[in-house]
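Undergrad: Please arrange chain F on chain S, whose structure you already have, making use of the hints.
There are 2 protein chains.
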Amino acid sequence: MDRIITPIIVKLGGSVITIKEKPFTPNLSVINRLAREIKRADRKSLIIIHGGGSYGHPLAREYNIIEGLKDQRQLIGFSKTRQAMMVLNKMIVDSLIQQNIPTISVQPSAFILTDQGRISEMNISFIERMLRINLIPLLYGDAVLDEKIGFSILSGDQIASNIAIKFKVNQIIICVDVDGLFNEDPKKNPKANIIEEIELDALKNLMNNLSRARTTDVTGGMFGKIVELIPAVESGIKVKIINAKKVNRLYKALKNEKVKGTEIKQR
Amino acid sequence: MDRIITPIIVKLGGSVITIKEKPFTPNLSVINRLAREIKRADRKSLIIIHGGGSYGHPLAREYNIIEGLKDQRQLIGFSKTRQAMMVLNKMIVDSLIQQNIPTISVQPSAFILTDQGRISEMNISFIERMLRINLIPLLYGDAVLDEKIGFSILSGDQIASNIAIKFKVNQIIICVDVDGLFNEDPKKNPKANIIEEIELDALKNLMNNLSRARTTDVTGGMFGKIVELIPAVESGIKVKIINAKKVNRLYKALKNEKVKGTEIKQR
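Residue numbers (my numbering), protein chains in the order written: chain S, 1 to 267; chain F, 1 to 267.
One chain only, chain S, in its complex shape (with noise of 0.2 angstroms):
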């Protein structure tokens, strides 16, 4: 087969296309201009992967799906967490239809296991035949199987950067409701300003600091989300962090063009 062109990922987060606080509400105005937003950038070979938000999470806790499997009560909950994240799931690809952007879920418990919560066996060939007929597919968090536990959660953010390191990609662009990495808790002082750019030493540096203290986070809570991309970043792709609340922000990014944010490179 061909060469595919290297896709650039996209990762929606679950507070940025749902209303973290109130279970099973989408945020449809944020995920209708974000499908306009990805359609206007126009890029060729895009991967998005969307996550849970207050949909996922919500019966994930409720059922204790994360855990693993222990008790036979949980399979239904096992069921009920998956079919959530399939009405959301459904309301992203039906945004971006609307945008006609032929848009392919791609399930990922189809044919992606854990081992103890981490992905052990993942086959990418489906994304990469998509993406060679010029689909887009469309991944999300999900309730998978594991080969150890039974069960457990997959993040969208280990998805993403997985994904990454196997198509080689350059980028992966981060979609939160901040506006990226501060050098304060911006949550304790408004003055706190944001880190345009930092290397993979130094952000790993932070990230001690920040784990032995456990007092403040200067990353706007997003400690495990960063967590998960180091191995993207030390793979060499760079990660960029930006604030999809705001308008335009995810199209600059995907244009390439200068936008407020977080940039992570390994050096």
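Hints are all accurate, no fakes.
Heads up, the list lumps identical chains together, so a pair's fine if it works in one copy or across two of them.
Here are the simulated lysine-lysine pairs, DSS-like style, with alpha carbons at most 30 angstroms apart: (1) K168 <-> K252; (2) K70 <-> K44; (3) K70 <-> K39; (4) K39 <-> K90; (5) K168 <-> K260; (6) K148 <-> K39; (7) K148 <-> K44; (8) K90 <-> K22; (9) K238 <-> K188.
FYI, nobody ran anything at the bench for these hints, they're computed from the structure.
TA: Chain F only, in chain S's frame:
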């Protein structure tokens, strides 16, 4: 891994779960009743597959998906066809979850590849893992990737037959909207009798005569369906065709009770 309990396969025809004549119209009362029958039958190891009916077919036809990718304008049709199947699938899953059946959809296009419409790659290990932890996998006819023609349509019947062979199941239950196969065309002769049992050789003769004659179809329009199922019968699997629009027939078939219908067996 331990051996799994051999599953039974139930195929819910599109003509049963949707209103055939009305595009995008589910037959919700039938869907809900079948979910209750499945619950009541309480089979421990089960794989359910559903067809597209009035959801998948109109869009697949409009964009000529079955013929493969010939024109970039078909791409959005591929997206729309898949999305229509997701809408139908959601209703089936909702109905099964309502009955406390821990159902897990498994997206065929995420793990099954075809070669000019015939399954050429299918990793069943995820379905096997689901069965192992007592989840009920639910597949469906889908618009899938094709290694030769870009994409195609994969029928639920072809999936049922292939999965049945791979899992060496004992039985496939095919749910349609007619009582079974008849000795004459039931639409032309209301006194036509149902064939209660037929062996493979007799069935093949019947099919040969049919494809030569092309005038009457004593299969009740199920010629294509039976062609798909023959490889399963050849490998020793019993196929039972029942009318699932009639109350309790699926229940009885699942319980191995005597039920009106046609049983096809190797000999």
